[in-house]
Amino acid sequence: QKEVEQDPGPLSVPEGAIVSLNCTYSNSAFQYFMWYRQYSRKGPELLMYTYSSGNKEDGRFTAQVDKSSKYISLFIRDSQPSDSATYLCAMSGGIQGAQKLVFGQGTRLTINP
Amino acid sequence: GAVVSQHPSWVICKSGTSVKIECRSLDFQATTMFWYRQFPKQSLMLMATSNEGSKATYEQGVEKDKFLINHASLTLSTLTVTSAHPEDSSFYICSAISGGGRRPYSNQPQHFGDGTRLSIL
Numbered sequence: 034q035k036e037v038e039q040d041p042g043p044l045s046v047p048e049g050a051i052v053s054l055n056c057t058y059s060n061s062a063f064q065y066f067m068w069y070r071q072y073s074r075k076g077p078e079l080l081m082y083t084y085s086s087g088n089k090e091d092g093r094f095t096a097q098v099d100k101s102s103k104y105i106s107l108f109i110r111d112s113q114p115s116d117s118a119t120y121l122c123a124m125s126g127g128i129q130g131a132q133k134l135v136f137g138q139g140t141r142l143t144i145n146p
Numbered sequence: 167g168a169v170v171s172q173h174p175s176w177v178i179c180k181s182g183t184s185v186k187i188e189c190r191s192l193d194f195q196a197t198t199m200f201w202y203r204q205f206p207k208q209s210l211m212l213m214a215t216s217n218e219g220s221k222a223t224y225e226q227g228v229e230k231d232k233f234l235i236n237h238a239s240l241t242l243s244t245l246t247v248t249s250a251h252p253e254d255s256s257f258y259i260c261s262a263i264s265g266g267g268r269r270p271y272s273n274q275p276q277h278f279g280d281g282t283r284l285s286i287l
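So the protein lines, in turn, are chains A and B. Throughout, our numbering is defined as the position within the first sequence, counted from one, plus 33. Throughout, our numbering is defined as the position within the second sequence, counted from one, plus 166.
Bear in mind the hints are in silico, worked out from the structure with no lab data behind them. Each residue gets a CB set at the ideal place from its N, CA and C atoms; glycine is no exception. Check the hints yourself; a few may be wrong.
When the alpha-carbon atoms are kept at most 27 Å apart in a straight line, the in silico DSSO-like pairs for lysine-lysine are as follows [as the list claims (entries may be wrong)]:
id	chain 1	residue 1	chain 2	residue 2
1	A	K133	B	K232
2	B	K232	B	K207
3	B	K180	A	K35
Interface residues of chain A toward chain B, partial, derived using beta-carbon atoms under 7 Å [as the list claims (entries may be wrong)]:
id	residue
4	V46
5	G49
6	F108
7	R110
8	Q138
Please construct the entire structure, taking both the sequences and the accompanying hints into account.
Below, the structure is given as structure tokens:
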């Protein structure tokens, strides 16, 4: 079993739809949770960064962390074609320290005009 | 803020040569940098952790004599792939984190460069 599970997709939705992306994990020691967006042939770009459980909102993006269920989500409202990319969840904490990230496989998202 | 620059973005070279990739933090001091490798349609795999002024820490299975890492200043880390072979062809990405004097448990997020596509013929 992988430490972080993420559905690779691909996921295709129409422009304007609400997109829900999620990851599950097995290590209860994880405390820091991140979502990165990666365009083709580019490095990951940090979208959201949260500590422990709770919600965080930034513009059209909302990140949720439920540590009791070991489940994190990223919601994208009013999705745009420019949101088409691969979305990676990442997390860290515990014995590995706050700095060492464990990534999900990434979900390929396409927003259709 | 938190811009990380990686150079070159793409390199093609012959088998047996050595290739150096640079990673720079442009607007902050990076006490810790990371080097990742990414295969097509796969996630990032951590290769090594680089701390300024000390030896890099390599992940299990990564040959330290093949992937030489130098972190000589707070804004620059380099990865040298020595005697490269076709199986070393991949997308190499660096990231940087500002330690803020609280390493190794800094809670600052990692910021990534745009990667280097390495093709060995």
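Taking the hints in turn, this is what the structure says about them:
1. A:K133 <-> B:K232: holds, 22 Å
2. B:K232 <-> B:K207: The hint holds at about 25 Å.
3. B:K180 <-> A:K35: Outside the cut-off at roughly 36 Å; violated.
4. V46: violated, 20 Å
5. G49: violated, 27 Å
6. F108: With Cβ-Cβ at 20 Å, over 7 Å, it is violated.
7. R110: For A:R110, the interface hint is violated, since the closest Cβ of chain B sits about 23 Å away, which is over 7 Å.
8. Q138: Check passed: Cβ of A:Q138 comes within 5 Å of chain B, closer than 7 Å.
Against the hints set out earlier in the document, violations occur for numbers 3, 4, 5, 6 and 7.
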